[in-house]
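All chains should be modelled from the sequences, with the hints used to inform the complete structure.
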Amino acid sequence: MKHYLNQLVASQYFSFVVTVLLFVILYAAGIMTYKGFMRPQVFLNLFIDNAALIIVTVGITFTLLIGGIDLSVGAVLALCCMVLAYLLEFTTVPVGLAILIILLMGIGFGALQGYIITKFDLQPFIITLAGMFFCRGLTAVISRDTISITNPFYVELASTRIQLGVGFISVGAVIALLTLLIAAIVLGYTKFGRTVFAIGGNESSASLMGLPVFRTKVMVYTISGFCSALAGVAYSLIMLTGYNLHGLGMEMDAIASSVIGGTLLTGGVGFIPGTLFGVLIQGVILTFITFQGTLSAWWTKIVVGALLCVFIVMQAFITEHKSKLSSKSSMESASK
Amino acid sequence: MGKVLLEMRQIDKVFPGVRALSKVDFTLREGEIHSLMGENGAGKSTLVKVLTGVYPRDGGTVTMEGKEIFPRTPKEAQECGISTVYQEVNLCANLTVAENIFIGREPRKYGFIDWKTINHRAAELLHTLNVDIDVTKTLDHYSVAIQQMIAIARSIDVSAKILILDEPTSSLDEEETQRLFKIVRKLKDQGMGIIFISHFLEQIYDLCDRITILRNGELVGAYDVATLPKLDLIAKMVGKDVSAVRDMEVAAEKSQPSDEVFLSAEHIGATGQIFDVDLKIHKGEVLGFAGLLGSGRTETAELLFGVHPISQGEIKINGKKLDLKDPMTAMEQKIAFCPEDRKVAGIIGDLSVRENIILAMQAKDGILKHIPYKEQVKIADDCIKLLSIKVSSREQLIKNLSGGNQQKVIIARWLATQPELLILDEPTRGIDVGTKTEIQKMAVALAKKRGMSVIFISSEMDEMVRTCTKLIVMRDRRKVAELENDEISSENVMKAIAGGAA
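If you're matching them up, the sequences are chains Z and W in order. If you read the first sequence in the numbering used here, its first letter stands for residue 1, the second for the next number, and so on. If you read the second sequence in the numbering used here, its first letter stands for residue 1, the second for the next number, and so on.
None of these hints come from the bench; they were simulated from the model. One or more of the hints may lead you astray.
[Said to hold, decoys possible] EDC-like mimics (lysine to aspartate or glutamate), calculated; alpha carbons at most 20 Å apart, straight line:
1. K191(Z) x D114(W)
2. K316(W) x E266(W)
3. K186(W) x E124(W)
4. K75(W) x E203(Z)
5. K75(W) x D166(W)
6. K191(Z) x D157(W)
7. K280(W) x D259(W)
8. K137(W) x E156(Z)
9. K230(W) x E202(W)
10. K316(W) x D276(W)
11. K334(W) x D365(W)
12. K320(W) x E266(W)
13. K191(Z) x E79(W)
14. K3(W) x D189(W)
15. K283(W) x D157(W)
16. K188(W) x D157(W)
17. K161(W) x E68(W)
18. K191(Z) x D189(W)
[Said to hold, decoys possible] Listing some non-contacts, in silico: residues in chain W with all C-beta distances to chain Z over 10 Å:
19. K67
20. G81
21. A123
22. D232
23. G346
24. Q376
25. R450
26. A481
27. E482
The beta carbon of each residue, even a glycine, is placed where N, CA and C say it ideally should be.
Here it is as structure tokens:
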């Protein structure tokens, strides 16, 4: 039994198992407390409401996996919403082209950040912090005020309900789920994905093993930029506005979700389904508070803060436990 | 004899101000285990780095199987068939064993990585090396020894013709080493050319067929192991003729140790680092630890300073048995330790000379106890005078001093704590001859005048012979001899290192 437990703790999915378990417990508690929690639509709403956060978290997870970080995601999202709203309201650019333009913006901006970080070997924290201020500022330059999106096609798109039998989800949620799926496949089953993990594990080893470190790092920040822009689309589908303060602090929510989902900030360890549950846990807590009715939404932050703390300590514990196990196994192999 | 696999001719490599390699030749044949020998700084690793594309060569030719090659990166060298396994394993601890072997060359199915094939082939490959482990576990589940075998497996799978093993055994124990050797011999039988670098003479004689010796970036020669006695090998490495080794200035002004024992260590050892060392150090004695680099000199000193806990034996100070669990405990017993690499472990460049001198005292007294500025000034000035440190003022930043003067400041730092045992690990490395002599004299003077015990560790034999009243000779992490008085001579030290082979 103890051996089995040891194996579980040492397994790379331990964090994931704990996160899923936590989600299930929270949800069960919700069902027991409030009748409304039983409705399948409550569960589906988690995806609808958090579509943008899920997409951003996927992007930021890539950067965390290589031991980097991207603080610009929330600001890029805001900028993309703003540009989209501007294009749809004040120009005759069709919806498809407008979306294409902001996606390319995200890609270009991410690639630029990645290139600067990698080429000059700079701290991603500082470069993406600069990127965050830049984008946030640029958003305000385009418009200080809220620009509402009234484009009929876009409004139609925003209110589209995709029926699943027991309930419905939004277009944004579908985009989020597709993003998750693609990210999981890329990270698990492509050379690029595995190189991301290798860089996070040990960058100098990765380059000595002949892996394309430079290219991969730039790609990772490009992906993060792309995801931020895509999240911008999902976000605007909910808000139907462009506004300077959209997605404020979202980068932190995304980092928190990723870490709760089992990503190590030191890089090299992370699991895409885990990040999903990281986001869902935050969503469930918020739902709880909505059902309760009198509590402030800020309680979500308090609970998430506490959870984050617990998870970080747990990760430290796992790492320590693992090193103990490996020294034990080396002794065993020596005594053979 | 196998056919020539690799030929390096007239290799030159110049770094700013240093000629690291000058017209070095090196030949490796198929099915040969070839050792590169030389003291530190002799150019072994530079030669390897030139071969593996880490440094470009400045002159000479490298031909492999008759064709000239110009590897510019480790990857290009790998493509030529040259793989290296370093002492610190260059793999990713967070990936699985199988992935570490195949990453970058993963077999794919429909464009996606074929994990089944990877795991299967990895297990097979490791099986041929007699390593049967779960390849789906992450690398950090396994010991360094196993990780090294995994690194070798990766190299083999890249279809390497030449395998370079750089200090592969330094963190392995006896049994793990034998296991590694078995694999290396197996690869040799398959016709691979292997370059083996190690500080352990025994292992070289156990495993290798040929030895190429370098000294100061120049080729001394290439020899068959069978025809080269160990003593000759050491003489060639240090550049002395065995018969001509005479000691010029013996014991002219050495200190006279008293009969009082300050510290005695009985059968101390630490797992994987030191096996069995016995020593007694008297008051007023200058005790030397001699031996080649990697023989365990520094590690023994570290045990006495409590850097690592001892796993066997006991240490007595002034006749009382003590548990030196950390350096602080050792400092309380008035032991001071000047580490080997002053850049890393010693000086704090942005602090002044005075602040650097006060540091150890402050650490000993605890950070809450303030040492009055006046007292600091007095201590600093005393030290500067005593050791004749050349500074413009006591407030000069230490990073602006020469290496020799930095070393003196570090010694001063420890003298300020008024130790009874001062451990100097390579205090004269990389400093000019004049300052070297001064430091040697200072060590003797401290023992003579203050009755301090000094442990002196150095790679330069002349220096040891001149300074020490007793020498502990170490080899392969064991004490192999103790030389006193008239026995102290370079020749005897070499004999002891060679294991009485002469």
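Structure-based check of all given hints:
Pair hint K191(Z) plus D114(W) holds up; C-alpha atoms about 11 Å apart against a cutoff of 20 Å. Restraint check for K316(W) and E266(W): the C-alpha separation of about 8 Å stays at or below 20 Å, so the hint holds. Between K186(W) and E124(W) the alpha-carbon distance is near 16 Å, which keeps this suggested pair within the 20 Å criterion. About 15 Å separates the Cα atoms of K75(W) and E203(Z), which keeps this hinted pair within 20 Å; it holds.
For the proposed pair K75(W) and D166(W), the alpha carbon gap of about 17 Å is at most 20 Å, so the pair holds. The hinted pair formed by K191(Z) and D157(W) meets the criterion: a straight-line CA distance of about 18 Å does not exceed 20 Å. The hinted pair formed by K280(W) and D259(W) meets the criterion: a straight-line CA distance of about 11 Å does not exceed 20 Å. For the hint pairing K137(W) with E156(Z), the CA-to-CA distance comes to about 50 Å; that exceeds 20 Å, so the pair is violated.
Under the criterion of a C-alpha separation no larger than 20 Å, the hint pairing K230(W) with E202(W) is consistent with the structure, at around 9 Å. Taking the CA atoms of K316(W) and D276(W), the gap is near 16 Å; set against the 20 Å cutoff, the hint holds. Annotation: proposed proximity of K334(W) to D365(W) holds, straight-line Cα distance about 12 Å (limit 20 Å). Restraint check for K320(W) and E266(W): satisfied, since their Cα atoms lie roughly 13 Å apart, inside the 20 Å limit.
Under the criterion of a C-alpha separation no larger than 20 Å, the hint pairing K191(Z) with E79(W) is consistent with the structure, at around 19 Å. The straight-line distance between the Cα atoms of K3(W) and D189(W) is roughly 14 Å, inside the 20 Å bound, and the hint therefore holds. A C-alpha spacing of about 58 Å is found between K283(W) and D157(W), which places the hinted pair above 20 Å, so the restraint is violated. Pair hint K188(W) plus D157(W) holds up; C-alpha atoms about 15 Å apart against a cutoff of 20 Å.
Only pairs whose Cα atoms come within 20 Å are accepted, and K161(W) paired with E68(W) is accepted, the gap being roughly 15 Å. Our distance criterion of 20 Å between C-alpha atoms is broken by K191(Z) and D189(W), whose separation comes to about 34 Å. With 10 Å as the threshold on Cβ separation, the claim that K67(W) sits away from chain Z holds: the shortest Cβ distance comes to roughly 21 Å. Every Cβ of chain Z is farther than 10 Å from the Cβ of G81(W); the closest lies at roughly 13 Å, confirming the non-interface assignment.
Every CB of chain Z lies more than 10 Å from the CB of A123(W), the least distance being 16 Å, so the non-interface label holds. For D232(W), the requirement that its beta carbon stay farther than 10 Å from each beta carbon of chain Z is met, with the minimum near 35 Å. Every CB of chain Z is more than 10 Å from the CB of G346(W) (nearest about 26 Å), matching its label as outside the interface. Interface exclusion of Q376(W) from chain Z stands, the closest Cβ pair being 37 Å apart, more than 10 Å.
With 10 Å as the threshold on Cβ separation, the claim that R450(W) sits away from chain Z holds: the shortest Cβ distance comes to roughly 43 Å. A481(W), annotated as away from the interface, keeps every beta carbon of chain Z farther than 10 Å; the closest lies near 29 Å. With a minimum CB-CB distance of about 31 Å to chain Z, E482(W) clears the 10 Å threshold, and the non-interface call stands.
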